[in-house]
Amino acid sequence: MATIPLQHAKHDTEWRQPSRGMVAMASLITAESAIFTIFVVAYLYYIGRDIAGPTPKQVLEVPWFYSACLLSSSGFIIRAEHAIEHGRMAAFRIWWLVTILLGLTFLYGTASEWYKLIVHDHLTISTNLFGTTYYSLVGLHASHVVVGLLMMLIVLSFALTRHLRAEHAYRVKVLALYWHFVDAVWVVVFTVVYAVGRQ
Amino acid sequence: MDAQGMPAAHGIEAGLDRTPASVAKGTYLEAVHSWIVTVDHKKLGILYIAYGLVFLLVAGVEALLIRIQLAVPHNTFISPFTFNRLFTMHGTTMIFLVGMPIVFGFGNYLVPLMIGARDMAFPRLNAFSFWISAFAGILLYYSFIGGNGLAGTGTAPDVAWFAYAPLTEKAFSPGHTIDYWAVALLASGIGSIGTAINILATVFCMRCRGMTLMRIPLLPWLYATVAFLVLMAVSPLTACQAMLLIDRYLGGHFFDTQAGGSAILWAHFFWIFGHPEVYVLVLPAFAFANEIIPVFSRKAIFGYAAMVAASVGIGFISLSVWAHHMFTIGMTSFGNAFFTLSTMLVSIPTGIKTFNWLATIWGGKIRFATPMLFSIAFLFQWVIAGLTGILLSISAWNWQLHNSYFVVAHFHYVLVGAIVFMIFAALYYWYPKITGRMLDESLGKWHFWLMVIGFHMTFDVMHFPGLLGMPRQIYTYEPDRGWNTLNAIISVGGAIQAIAVLVLVYNMVHSYFRGVVAGPDPWDAWTLEWATSSPPPAYNFAIEPEVASRRPLWDLKHPEDPDSAFE
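Sequences listed follow chains A and B, in order.
Everything in the first sequence is counted per my numbering, starting at 20 for the first residue and increasing by one.
Everything in the second sequence is counted per my numbering, starting at -6 for the first residue and increasing by one.
Isolated chain A, as found in the complex (with noise of 0.2 Å):
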């Protein structure tokens, strides 16, 4: 071989650098916050800025139960990546499970909302700006979910086949992260849509 390394000295130290799993997560929530920040922002500024209703006080009610359900999901998920790393598989397809159960419950809820906001209240995103901005932010909100959750299906179709090992815990550590992300970007939207957005 025509090749000689530039410097052979100090192979006996030890070279880390962080993982690229996770700097490519960090980067990609860092990018998904600037895009929900946007919209964060266009929400916050059309408020009560609209010339006809339905208004968020008439029609929004706090959705503290599904709202418990997706925050405590992240609690699970924490349980599922402590399971994966010390290779106790059976609990960590129970609190997997757990996890996609809450996410699931919690775009039922989204769902109904929606349900009953088109057919009782007669909002849709076209009806005025709180329409728009609602359904825009709520629903960009609820797509990450459902991304979320076809990650994390996938995952368990993997642990339900036992293909998936203790040695993939690493990327179901990425896959968290995500899912930590998606729920605390739930805590902001909660506050813009449900807290400052019903005064």
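There could be a bad hint or two in this list.
Stated by the list, open to error - Okay, derived cross-link-like pairs now, SDA-like style, lysine to any residue, Cα gap no bigger than 20 Å in a straight line:
| hint | chain 1 | residue 1 | chain 2 | residue 2 |
| --- | --- | --- | --- | --- |
| 1 | A | Lys192 | B | Phe115 |
| 2 | A | Lys192 | A | Met170 |
| 3 | B | Lys292 | B | Ala352 |
| 4 | A | Lys135 | A | Trp83 |
| 5 | B | Lys163 | B | Thr250 |
| 6 | A | Lys135 | A | Val78 |
| 7 | A | Lys135 | A | Pro75 |
| 8 | B | Lys163 | A | Ile144 |
| 9 | A | Lys76 | B | Gly253 |
| 10 | B | Lys438 | B | Val509 |
| 11 | B | Lys292 | B | Pro552 |
| 12 | A | Lys192 | B | Cys198 |
Source of the hints: derived by calculation from the structure; they are not laboratory data.
Once you've looked at the hints, dock chain B against the given chain A.
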């Protein structure tokens, strides 16, 4: 093979990875197929650059048509409607289909090589990013055929590259041209974000042994900053294209002024993207200068740490200056003062960089090869562009000159005088690495001098019609305004620049077949990409290199006086 068992390095020869690139010759179809399915960062880099250069010619032709129309008053060469389409497509193309692809192309090609990696962190994401960007370019230009504009015939977007609302709403742009524009920018934005994620993961996670953060060459450092800016700036653009599409297709009211929507919000959202975008394009130009100026001054870069700090500083400051594009839109005096001051703040880190380049050249043994010529012109032009930028950041001055040709002259001074000049410098500098052959030096000097003359004829002179009150985006003007001679000179300068670019194109084609064989390290440079053969093999480095300083090849060539002894 045990590396320790090899004979001691004899100068540069022993350390170079001379493994030749694979020379498997297949059929024509196999060659095309290999380019389409490739995930190799070098091939994707070349695809990006080629794609950008093709659109450079397209958008250059659009610029020439604009200049022919404006060369004399009351010209009827093209209609006002065509004129609107031309300046919209010229701006959009130059930013999204020329600047970004060429910048990302060089980043793709160089970042893994310079940090001693075999590929980007995510090769398949890399290929996806390129192809979706390529799709965006084709989609945007398909609007010429399928646009279905106002008159019911094929047209192109005609709302200027910043596409201010509510002109883009269904009520005012009923055809499909805005949809092509919005979807193309959405797609290209997804590609850019993918590449940015890839570059960040590559720079921080794929470095070879010994390359600590403070030993990364400045180019990967600046590309990491650029990638961060893309995440922070292109994502808002993607978000507001989504809003525009919601308005146009789902009947939303984000920018629908008749339902209470705000046109100013679009302006803010667009410039939150638009200003950092300038730095997304100019920081790579700085990155090229950081590599080229030291090599041709035969000195290590002056103030490495200050350069890193200044670049990252520019990255952060540039996120808080966007509304200086909007002084005339009517902000509070607090807003005006804030954005005036934050804009002026940018001049501090850029000043640090300029003085560091000068200090690098100072006392050096300067070689005036074509890359260095372009870099020196860049230094002068960048300073002038910065000075008119400081003028425009003063909100009171800005009120007088907003949307005048002074502004057009200022931003072309940045985009052409700094960015395009440094892209040319980078082409001359790295073409030997990419193709294995040198670009012709005498043609290069013709290209350089024609470009300098044409550039200054066009863009120096362009400041004056602006000061005399000529607004941008007008398709013609009255003969008695005193702008006639100036506009004629500007148009001639544009033609000279076009000739200069044709010289480059001829040089690139000619040298590809007939150029002097470059060898692995034609410029006697110091960073790792020159440690491979030209062009490098698909795997870059047969054995992962290990570095002990910022200039590994200097250490290799000068074992008696290595940089590593001083770190």
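(message) Of all the hints numbered above, which does this structure not satisfy? Sort the numbers upward.
(response) Structure breaks no hint.
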